[in-house]
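Below are the chains, spelled out letter by letter.
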Amino acid sequence: MTKGRFGSFGGQYIPETLMNEIIRLEAAYNFYKNDAAFQKELDDLFKNYAGRPSLLYYAEKMTKDLGGAKIFLKREDLNHTGSHKINNVLGQALLAKKLGKTRIIAETGAGQHGVATATAAALLGLSCEIFMGKEDTERQALNVYRMQLLGAKVHSVTSGTMTLKDAVNETMREWASRVYDTHYVLGTVMGPHPFPTIVRDFQSVISREARAQILELTGKLPKAVVACVGGGSNAMGMFYNFIPDKDVRLIGCEAAGLGVDTDKHAATITKGEVGVFHGMKSYFCQDEEGQIAPVYSISAGLDYPGIGPEHAYLHEIGRAEYVAVTDEQAVSAFEYIARTEGIIAAIESSHAIAHVRELAPALSPSDSIIVCVSGRGDKDVAAIARYKGVKLYE
Amino acid sequence: MSKITDAFKNGKAFIAFVTGGDPSLKMTERLVVGIAEAGADIVEIGIPFSDPIAEGEVIQCANIRALKGGVSVEKIFSTVKNIRKKTAVPLVFLTYLNPVFRYGYEAFCQRCADVGVNGLIIPDMPYEEQGELKEIARANGVDLISLVSPTSEARVAEIAASADGFLYVVSSMGVTGARSEITTDLGKIIAAAHAASAVPAAVGFGISSAEQAATIATVADGVIVGSAIVKIVEAYGTKALAPVCEYVRALKGAIRGEE
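These protein sequence lines are chains Y and S, in that order. For the first sequence, the numbering used here assigns the number 1 to the initial residue and increments by one for each residue that follows. For the second sequence, the numbering used here assigns the number 1 to the initial residue and increments by one for each residue that follows.
If you're looking for bench data, these hints aren't it; they were derived computationally from the structure. Please note that the accuracy of each hint is not assured.
As the list claims (entries may be wrong) - Pair by pair, the computed Cβ-Cβ distance ranges are: (1) S:218 to Y:23: 28 to 38 Å; (2) S:106 to Y:40: 44 to 54 Å; (3) Y:178 to S:188: 13 to 23 Å; (4) Y:3 to S:75: 49 to 59 Å.
Claimed, not checked - A partial selection of chain S residues facing chain Y, derived with a Cβ cut-off under 10 Å: (5) 127; (6) 148; (7) 150; (8) 151; (9) 170; (10) 173; (11) 174.
Cβ coordinates follow ideal geometry from the N, Cα and C atoms, glycine included.
Hey, can you work out the whole structure from these sequences and the hints?
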């Protein structure tokens, strides 16, 4: 089996033009991950720029209301730029500088990764270009302007389905045309090796903190940790340090859109098949011909037809469970957590919260659950209003 | 020796590409046969993929047109079967790995052998990942063709050493599509390939004019043209046969110094 495998998943299925670049990236990463000066620099950015550690908040009202396990929220929404994306971006942007790159490029769906990348570029003095599906630039117009304010150039991608997968295609094409001075800051635990490992390592700060925090708060490990899954970076970060804790259930929540029995969903593990795409062997929503299927979710961040290879592996060996959550359940959870806890969570994270509403009552009050609030929901307010048929005037 | 390698025996080879099913499979059949008669030494047929990450806009759009027209892997195999009744030209499929993976490597390569496809180019399957397919392809007499690019450096020799059929030298950074200028030191890459292997080296990506083709043919064993042909097909649709054949004759003449 070739490099970068999680069981049979992963690999490096990319054009030859990019091969030497990712070989160099892997070598650099292997050096810097053990380099004390690099880690100190990153820790400093985490602490003094991103605002880490993020809180592990006991959601007492939600716990009482649901009447079961104690619910703890890992507050990645409180990070600078409003989501977990900053963890990976600061790491990769720092790595890009060490590689001598002067320019970073990235794909974005909802805009959270694009905003985080533009932020890191501004801070570290790198030029930055973001590729975003045309449909997403319209759904998330405010984030486009936010990236522009931060000095990034935003390309509206008009190929294919004009969403996240097409933004990834276009960013890969751009990278292949300019690898010499450019690093591709991939936003999630997908793509060719070493990206799934690099992104997971940078995001694993989430579970490193959460595991210590829950032990301090409750004296024992949680019964379950729950996170939403598109490509799967916040989930991988949330799961990683709990993988050896065999009694901790790891639950990923995929976007079921209008329902997994319709053709309007993005539930890759539930409905997808094994395939090879975007540099990796993993599960993909696809047709019998191996054509990648158009996917749908109310959440632009989960609107992706694949899933990171380590998730595919955790699913295959039965270490993690994956459930599908509909738009309707997610919107209901979005409203629920706003009213019970006073937290406007991202619509992506609301998929995880929706599952916790079902899971918590089935567990004992002596158990606890950690759910990752991967991002804040300000960006989603207009979309939720649209969904509810509420007319807003700006 | 493979039928593909054989195609380089009589001088510089001209390799033409068309997207299968653009504008229709009937037209693909006529185009491939016509292109072969016009002097192409090898014809590549693209099996369309929804997300062709190595392609520029011209071939991306051709893929979308073909997929909208209802093309399938099976239908392309049937088309090749018809083509084989009319021409012996070596045929190569160019596609992305997922359609092949979904069909099943063994079944796909067997079907290639059945209908008479001689080679396979998969841009998202680099040297390191070829292992899972290469032996299956070889066992079925199908050459899995390797690519090298301007960034391959020391990898050129390694890749060339185990190449089957011909070595596909990517002329430029980025994706397929016409370029006004190719600045890569192709001579250096091809010399490294020749030093490591007897397999011929053909250059593709960005070549559209007869002058470019002739210049490249001074260092390469063959010249590959895709987007420029697909563009003619896009412009002329069902009337593309004559202008495509005329173009192929001109390019073939240019690389053989017969202008």
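Going through the hints against the structure:
The supplied range of 28 to 38 Å is met by residue 218 of chain S and residue 23 of chain Y, whose beta-carbon atoms lie about 32 Å from each other. Between residue 106 of chain S and residue 40 of chain Y the C-beta distance comes to about 52 Å, which sits within the given range of 44 to 54 Å. A hinted range of 13 to 23 Å holds for the C-beta pair residue 178 of chain Y and residue 188 of chain S, which are about 21 Å apart. Between residue 3 of chain Y and residue 75 of chain S the beta carbons are some 36 Å apart, a value that contradicts the proposed interval 49 to 59 Å.
Annotation: residue 127 of chain S was flagged as interfacial toward chain Y, and the flag holds, the nearest CB pair being 7 Å apart, inside 10 Å. Nearest Cβ of chain Y to the Cβ of residue 148 of chain S: about 6 Å, under the 10 Å cut. The hint holds. With 10 Å as the threshold, the beta carbon of residue 150 of chain S comes within range of chain Y, its nearest partner Cβ sitting at about 7 Å, so the hint holds. Residue-level restraint check for residue 151 of chain S holds (minimum Cβ-Cβ distance to chain Y is 5 Å; threshold 10 Å).
Given the 10 Å rule on beta carbons, the hint for residue 170 of chain S holds: about 6 Å separates it from the nearest Cβ of chain Y. Taking 10 Å as the C-beta cut-off, the interface hint given for residue 173 of chain S holds, the closest approach to chain Y being about 5 Å. The closest approach between the C-beta of residue 174 of chain S and any C-beta of chain Y is roughly 3 Å, which is under the 10 Å cut-off, so the hint is satisfied.
In summary, the structure is inconsistent with hint 4 from the numbered list given earlier, while agreeing with all the others.
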